[in-house]
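There are 4 protein chains.
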Amino acid sequence: MFRPELKELITAGKIYDLGQPWHPGMPHHPLHPPFVYGLARKHGDVQYEGGGSSANDLFAFGGHTGTHLDAVGHISKNGKLFGGVEAAREQDYLRGLSRRSIEETPPMIARGVLLDIPGFKKVEVLEKGYPISRRDIQETVRFQNVKIESEDVVLVRTGWARYWDHPALFNDHEGVPGVTLEAAHFLVEAGVRLTGADTTAYEVVPSKSMEVHVFLLAEQGIQIMEMLNLEELAREKVYSFIFIAIPLKIKGGTGSPIRPIAIR
Amino acid sequence: MFRPELKELITAGKIYDLGQPWHPGMPHHPLHPPFVYGLARKHGDVQYEGGGSSANDLFAFGGHTGTHLDAVGHISKNGKLFGGVEAAREQDYLRGLSRRSIEETPPMIARGVLLDIPGFKKVEVLEKGYPISRRDIQETVRFQNVKIESEDVVLVRTGWARYWDHPALFNDHEGVPGVTLEAAHFLVEAGVRLTGADTTAYEVVPSKSMEVHVFLLAEQGIQIMEMLNLEELAREKVYSFIFIAIPLKIKGGTGSPIRPIAIR
Amino acid sequence: MFRPELKELITAGKIYDLGQPWHPGMPHHPLHPPFVYGLARKHGDVQYEGGGSSANDLFAFGGHTGTHLDAVGHISKNGKLFGGVEAAREQDYLRGLSRRSIEETPPMIARGVLLDIPGFKKVEVLEKGYPISRRDIQETVRFQNVKIESEDVVLVRTGWARYWDHPALFNDHEGVPGVTLEAAHFLVEAGVRLTGADTTAYEVVPSKSMEVHVFLLAEQGIQIMEMLNLEELAREKVYSFIFIAIPLKIKGGTGSPIRPIAIR
Amino acid sequence: MFRPELKELITAGKIYDLGQPWHPGMPHHPLHPPFVYGLARKHGDVQYEGGGSSANDLFAFGGHTGTHLDAVGHISKNGKLFGGVEAAREQDYLRGLSRRSIEETPPMIARGVLLDIPGFKKVEVLEKGYPISRRDIQETVRFQNVKIESEDVVLVRTGWARYWDHPALFNDHEGVPGVTLEAAHFLVEAGVRLTGADTTAYEVVPSKSMEVHVFLLAEQGIQIMEMLNLEELAREKVYSFIFIAIPLKIKGGTGSPIRPIAIR
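Protein chains in written order, with our numbering: chain A, 2 to 265; chain B, 2 to 265; chain C, 2 to 265; chain D, 2 to 265.
Chain A on its own, in the form it takes in the complex (with noise of 0.2 Å):
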């Protein structure tokens, strides 16, 4: 459902690509597989009658590869997807998830907000392992001088997003930042319908024990999105518009890849 009174956030109608781009090389989180990618066949391999021929690829990758949104069923917790559903019955190596998959998600349009955490704290990025607080978030908030409403989608900048290029920067085995499990409950308590980061965790990595993603999915039933490239809504300061994101319908999926876009 589009709420049509978000028909007054649009305002210049300009578009906003909140993806990184696919490619090989890119970063990937260690456990999640790499993008790989080649042509199938090039234009000339084979020509049609009257001139034409074609070109088209094969990849291979995850649901957690690149700009992304996870399922709810993605985490679990003491072997329960959100809602008290048993892990093991509704999982198949064959067919992914019968229960909390990605196809579940319908194409997401809300109101969104961007939280420039930097540029609250007058840095360019986040510093390594920097752990986003409920003040960080509160104090943000109030600078931005925006408003989280029920049903928003909460986009959190840690500025990241410029290491993309260096893969061994963006996955810092030093500490990557992230939100913290109390400014995760700060946004459960604000009624975010979804939230994301320009990080490869959201939360803060290394950890051991993923708190915030075990929180938001298998407690809350909150989706998170990942990669996210959130720097042109930084540089124009622009906190508050339209949010579009549009899963993949992967039968079984634990994850889509998104193109995410904001129009303001």
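Where hints are given, some of them may not hold.
Copies of the same chain look alike in the list, so a pair counts if it works inside one copy or between any two.
Said to hold, decoys possible - No farther apart than 20 Å at their CA atoms in a straight line, the calculated lysine to any residue pairs in the SDA-like style are these: (1) Lys15 - Gln48; (2) Lys209 - His174; (3) Lys209 - Glu50; (4) Lys123 - Gly14; (5) Lys81 - Ala169; (6) Lys252 - Asp166; (7) Lys148 - Gly52; (8) Lys209 - Gly45; (9) Lys209 - His30; (10) Lys209 - Leu32; (11) Lys15 - Pro5; (12) Lys129 - Glu152; (13) Lys252 - Glu105; (14) Lys252 - Pro22.
I should point out that these hints are in silico values taken from the structure, not numbers from a laboratory.
All values reported here derive from a predicted model rather than from experimental measurement.
Position chains B, C and D against the provided structure of chain A, taking the given hints into account.
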């Protein structure tokens, strides 16, 4: 650019999902790769501290598998991509197309028009190999009392989406209905920005020349969508709407999976 | 079972490599997937304690990409796999073939015989679409002064391996030379266990019936190898040898990549 | 080169299959891709003239998925591959390794020796995380009354192949048994050409340094095989044999699937 005057097309705020699902065994054109899928890890395979666990997946397919958008550079004519670009210079098995690739396609938001050819012809579904003529399109426009405007996205329904679960039927080797060259000329004269259909190849197949692809992509630079699901739009007689499709920014890609939507 | 009397075929102990390399852009039959490859991790992306690091990769291809061995169940005739097995009951998009799949093929060690057709015909390479007749085979056997014995593996050379680096030539759509149906009958009468060639399809292509595949696989249960590299054997006039090919035990697989060897 | 004096190792002519099967859901090291598989076409999807039809498949996995052979260049130490080769100069996300890749590994035919550690220790299977010491190896050699000769291939059995159908057990995160650094030194002193085991990582895991990999591959240039199935050899007390493994010639590859065999 989202043209703000499109806002008036949003009335009830209903979102129509125009994409087919992705799953092993889904139909695919014999010259393009199928979709293969598997879990890489099940819940429980690796346990985090505190009881969390995660599942994730790996898949392989191509830019023309499932509901997708062709890049302009998918097709060449006499060795040239649209605009006289020498295909041989711009293609590489490793990197795909260095020009005219899908990464050049921005998120698409436009006025969309449905042409429900079987609706006009009072049939459930077009017959095998039926060639949709210029006149079919003109008469359907009149019958539906809709106008095709410059920059519109025109979606042509054959009704074949209903064969999705029967791949041999969907790709019927005796003939799939499609848009003829003269009908494609009509759409170009009308100024369409993008067009698509609910079949495997938009035009009639088998075809020895792929003449509609050659005309639209290589000569006109107009991109094509295939394997759309237009059933719900047709059922509800929604003939004009806001159309949104956001291809993945695959570097060098000859096409991209999409899950387009219509908002009314 | 390795028949110990084969030991006498090992004389100099030289190993001949009969496989083509795997790499992006390698030739592949248009109906089969290409080979795509990429590193998942480079040295330095992740550092172990003590200075170690590792690189690893991801690839996608199919059981008939590159030098490979067809499973008996690759081909059916009138809906039946070899031995009257109903194909429809034994196939599944997710799991492949439940009978006649490549996992049923044991490691192959046998006496091998090379039939160097262009060697006999005093040409470098067979011409486009050349049909290798029963008489070509008989005369090559005589010319080479070699005997085909029961349970032998017979490798038929056309010389097309030299087009490997020119995929459009290797898959020439005007015609690739190959073994004719009458020649295949000769091989079956001679009791061969397995046969192969250095082309994309063993038999002459294009072919509307794939009659040699149907005869050998579906009617006789004799497996076929394609895209062998027989150049070195031919150059050194090695016409009989120990032949070894070990397919991967891919459950349900319709074929497997192999890198066969000859020992002399 | 096949050393003809190896011929005497062929006695009964029995072939032992040392490979595990490939199938979705098979165990894989968490840092390597899983195996995913699907049919691209089923029998009947496309019909040839005369009643023939074919099935074929698509799969995705990596060079360290399933029974495999590491390329020398899989591991680096302080940025160097074996022989002082600068890793950073020889690697590329698109093309893999330009030196020390798996394509440099010829087909391997050698004398093989099984070291059945649990056989010597009178247990069914080694316990979790058990470190196989130099002394374990020396005593097993003595117990089995076998000699390790220069250029031998030494296969170390832990018994973990029996956990193949239980991926979480096979990759047990509390510890998988393996060869220790001092034991690896012993094998190098003995002049082994190649070594392997029936576990996921040859050495004890988890390991923060992967010290045995670093020693064997980066310092000694000795390749490692993993996920072998040594159960039948052990059951029949076959301690020396002709060993054959033929890696696929994957350009740039960091490893290759193999299905090794032993002949006795």
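Hints, one by one, checked against the model:
no., hint, result
1, Lys15 - Gln48, "neither (41 Å within a copy, 43 Å between copies)"
2, Lys209 - His174, "both (13 Å within a copy, 14 Å between copies)"
3, Lys209 - Glu50, "between (60 Å within a copy, 6 Å between copies)"
4, Lys123 - Gly14, "neither (29 Å within a copy, 39 Å between copies)"
5, Lys81 - Ala169, "between (33 Å within a copy, 18 Å between copies)"
6, Lys252 - Asp166, "between (31 Å within a copy, 13 Å between copies)"
7, Lys148 - Gly52, "neither (58 Å within a copy, 34 Å between copies)"
8, Lys209 - Gly45, "between (52 Å within a copy, 15 Å between copies)"
9, Lys209 - His30, "both (15 Å within a copy, 18 Å between copies)"
10, Lys209 - Leu32, "both (14 Å within a copy, 16 Å between copies)"
11, Lys15 - Pro5, "both (18 Å within a copy, 9 Å between copies)"
12, Lys129 - Glu152, "neither (31 Å within a copy, 46 Å between copies)"
13, Lys252 - Glu105, "within (9 Å within a copy, 28 Å between copies)"
14, Lys252 - Pro22, "between (24 Å within a copy, 7 Å between copies)"
Going down the numbered hints, you'll see the structure goes against 1, 4, 7, 12, while the others check out.
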